[in-house]
Amino acid sequence: MSARRSWLLGAVPLVMLAVLVALVAGTGFLDFLRGGAPPVEDITFDRVTLAPGTITVELVNGGPDPVTIAQVTVDEAYWAFTITPDATLGRLGRARLDIPYPWVEDESHQIALLTSTGVTFEHEIAVARASPTLGADFFGLFGLIGLYVGVIPVAIGLLWYPFLRRIGQRWLHFVLALTAGLLIFLGFDALHEALETGATVAGPYQGPLIVLVGMLGAILALQAVTGARARVAGAEGRRTLAWLVALGIGLHNLGEGLAIGAAYALGEAALGTFLIVGFMIHNSTEGLGIVAPIAHDRPAIRTLLGLGFLAGAPTILGAWIGGAAYSPVLATLFLSVGAGAIAQVVMVLYGVVARETAGRPMWAPLTAGGLFAGLLVMYGTGLLVA
Amino acid sequence: MSDNLPITRRDLLRRGAVGVAGIAAASGTVRAAERRFGHDPASHAAMMSLHDPMNATTRGRVVDGSIDPAVFLEHFDGGVVSELPDGRVLREFAVTAVDREIEVAPGVFYPAWTYNGQVPGPTLRATEGDVVRVRFRNGGTHAHTIHFHGIHGANMDGVFEVVAPGAEYVYEFEANPFGLHLYHCHAVPLKKHIAKGLYGTFIVDPRTPRPPAREMVMVLNGFDTNFDGSNEVYAANTVPFAYHHDPIPVRKGELQRLYMVNMLEFDLVNSIHLHGNLFHVFRTGTTTTPHEFTDTLMLCQGERHVLEFTFEHTGRFMFHAHQSEFTELGWMGVFNVIDGAVIA
Chain R
6 MSARRSWLLG AVPLVMLAVL VALVAGTGFL DFLRGGAPPV EDITFDRVTL APGTITVELV
66 NGGPDPVTIA QVTVDEAYWA FTITPDATLG RLGRARLDIP YPWVEDESHQ IALLTSTGVT
126 FEHEIAVARA SPTLGADFFG LFGLIGLYVG VIPVAIGLLW YPFLRRIGQR WLHFVLALTA
186 GLLIFLGFDA LHEALETGAT VAGPYQGPLI VLVGMLGAIL ALQAVTGARA RVAGAEGRRT
246 LAWLVALGIG LHNLGEGLAI GAAYALGEAA LGTFLIVGFM IHNSTEGLGI VAPIAHDRPA
306 IRTLLGLGFL AGAPTILGAW IGGAAYSPVL ATLFLSVGAG AIAQVVMVLY GVVARETAGR
366 PMWAPLTAGG LFAGLLVMYG TGLLVA
Chain V
34 MSDNLPITRR DLLRRGAVGV AGIAAASGTV RAAERRFGHD PASHAAMMSL HDPMNATTRG
94 RVVDGSIDPA VFLEHFDGGV VSELPDGRVL REFAVTAVDR EIEVAPGVFY PAWTYNGQVP
154 GPTLRATEGD VVRVRFRNGG THAHTIHFHG IHGANMDGVF EVVAPGAEYV YEFEANPFGL
214 HLYHCHAVPL KKHIAKGLYG TFIVDPRTPR PPAREMVMVL NGFDTNFDGS NEVYAANTVP
274 FAYHHDPIPV RKGELQRLYM VNMLEFDLVN SIHLHGNLFH VFRTGTTTTP HEFTDTLMLC
334 QGERHVLEFT FEHTGRFMFH AHQSEFTELG WMGVFNVIDG AVIA
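Protein chains in written order, with our numbering: chain R, 6 to 391; chain V, 34 to 377.
The set of hints was computed from the structure by calculation and includes no laboratory data. Hints are not guaranteed to be accurate.
[To be verified] Some chain V residues near chain R, calculated using beta-carbon distances under 8 Å:
id, residue
1, Thr90
2, Ala138
3, Asp190
4, Phe193
5, Pro273
6, Met351
7, Gly363
Predicted model only: the values in this text are computed from it and were never measured. Note that CB positions come from ideal geometry on N, CA and C, so glycine has one too.
Please model the complete structure; the sequences and the hints are all you need to start from.
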């Protein structure tokens with residue numbers, strides 16, 4: 006009884022708030038506050054896809070007021086269009102425009118919307134390309150993209166294992182520090198991308214704050230679930246660490262696949278066939294990071310394959326999602342979750358090395374140098390793909 | 034997203050993705066991505082409908098455009114006519130400035146400033162030597178004037194005698210010289226007052242009338258709906274594509290006289306191009322002998338000319354700005370030339 010009363014007391018402010026909201030929203034108070042100012046319109050182009058003879062645009066109303074799309078121009082020419090479900094979009098409402106337009110392959114096109122108040126919203130199709138349609142072709146092509154960018158490089162990286170098994174503990178710590186360095190590089194990259202993508206989402210979704218929630222959420226969730234196991238000394242702790250590294254890299258690769266899939270589907274991918282080689286070099290370091298924690302524990306081949314799958318396969322999943330249903334909100338969330346997962350892994354990695362170097366200074370030249378080397382390797386191989 | 038100059042790692046990945054696509058294509062798991070039109074009859078038909086000129090236009094119809102383009106085209110206001118003691122003809126006009134929201138493209142509303150609630154203002158018409166008296170009331174929220182082109186006294190020029198909201202001013206002058214003139218507000222900021230819609234046509238006929246003809250007036254204008262200093266909408270007589278959606282009926286063999294006034298703001302020049310025909314140009318309408326026989330004519334801001342032409346063939350003939358951009362943004366129409374005496 007008293008417990009229930011406590012809960013009821015806790016609900017009192019909520020009830021008061023609901024009453025107040027109803028009063029403000031239900032009376033003319035808001036109109037009074039607005040003072041006859043014109044509505045604020047904010048339309049975001051969520052996704053633009055091309056089919057032969059058709060441009061399809063998905064829109065979100067990110068402003069506080071309803072917006073009506075009255076006319077559409079393509080390359081400064083009024084053009085016929087259909088809009089579903091309705092030309093008027095409420096707050097956070099969505100609509101789909103289909104424009105029967107003879108777009109020109111590999112050229113850029115400018116789409117502008119004219120709303121009922123005469124405000125314009127523009128979007129540039131940087132490089133016009135037919136968007137992939139869902140089907141065997143799509144899953145095959147985007148699966149291959151993920152395979153080459155994510156899975157194969159990681160698998161190649163796993164081949165460091167026989168080498169790592171033979172080196173001493175001090176050098177293994179060097180490799181672990183190097184792993185931390187490359188993880189920090191990837192995490193920073195994911196964070197940067199998350200913030201950049203977050204800046205493009207419709208206002209009310211608060212892109213930069215999605216990054217905060219996604220990143221901290223990932224850190225807290227992983228800490229809560231695996232933190233205790235990772236702190237166990239010995240082989241079990243190291244194995245947990247390896248899985249965490251694989252998971253962190255996997256989540257990062259999910260975001261990476263998403264961006265690649267979306268860019269390719271949206272025709273933003275520029276030409277350059279040789280770059281795939283650069284990616285193999287660049288991303289193979291990820292495999293090194295996965296096997297380093299368990300190099301001295303003689304893991305089963307199955308474990309190695311599982312780790313590689315966890316780290317690499319999400320790239321394929323990401324490429325599919327990005328190619329089929331890219332949304333800036335989703336991309337921001339995935340990227341920030343990836344950044345958070347990596348941050349958590351780096352924390353755990355630090356704990357493991359700190360424990361194993363107990364009594365000795367942790368930041369010996371080999372560990373400090375290893376971390377810096379990790380950053381340099383990523384930066385250097387990054388240059389390769391440029 | 035892809036516009037950033039500093040190339041990020043993920044940008045590089047995008048490029049790499051194409052490399053992958055190349056590999057994928059080579060491995061035979063995908064068809065060639067490019068599908069081109071014209072290989073089979075079905076896609077050929079699709080291509081034709083895709084290039085239907087009716088696709089390249091606004092969607093829907095203007096309902097509240099302040100004028101009906103079909104009516105405005107052939108409507109001339111001669112004022113209230115009386116005779117002065119000295120025998121001259123007096124033409125009295127009443128013009129009121131009114132703030133009014135008008136539909137400048139289907140579903141697009143623009144807070145215009147108007148003469149008599151319409152954009153363009155009424156087409157005023159007098160004969161050379163008539164006395165023109167315009168009682169101007171400012172019913173708007175900003176100061177306005179009427180500045181007539183033509184020969185008149187300095188205090189009738191509508192520049193320094195600014196008419197405050199609620200105030201009145203009477204412009205009176207003898208209509209001279211004959212020609213195609215215009216009027217517009219000259220209150221500052223000038224560009225704003227013109228762009229908002231305060232302009233119209235002022236025709237002064239020669240004492241010896243021009244030959245009988247079917248007469249039309251077109252005011253070339255545009256609207257900057259988002260106030261960024263460039264036009265979103267272009268038109269002849271305010272409504273974009275009006276004479277494209279409802280072609281102007283024309284009798285084959287009948288002389289057509291078109292009074293064309295360029296009131297477009299922000300763009301330096303405008304033009305008209307007539308299909309399947311050429312026209313005689315009477316520059317500023319101040320002569321009765323043509324200056325030029327052409328099918329494309331350039332007009333600067335405020336420039337206006339009388340055009341005369343006769344169609345020898347029936348069918349649909351387009352006319353539009355030869356600035357293709359203006360054409361596709363609304364300044365385009367069609368003459369539907371019909372054989373026979375009766376036009377509905």
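Quick rundown of the hints versus the structure:
no.	hint	verdict
1	Thr90	6 Å, holds
2	Ala138	5 Å, holds
3	Asp190	32 Å, violated
4	Phe193	33 Å, violated
5	Pro273	7 Å, holds
6	Met351	15 Å, violated
7	Gly363	7 Å, holds
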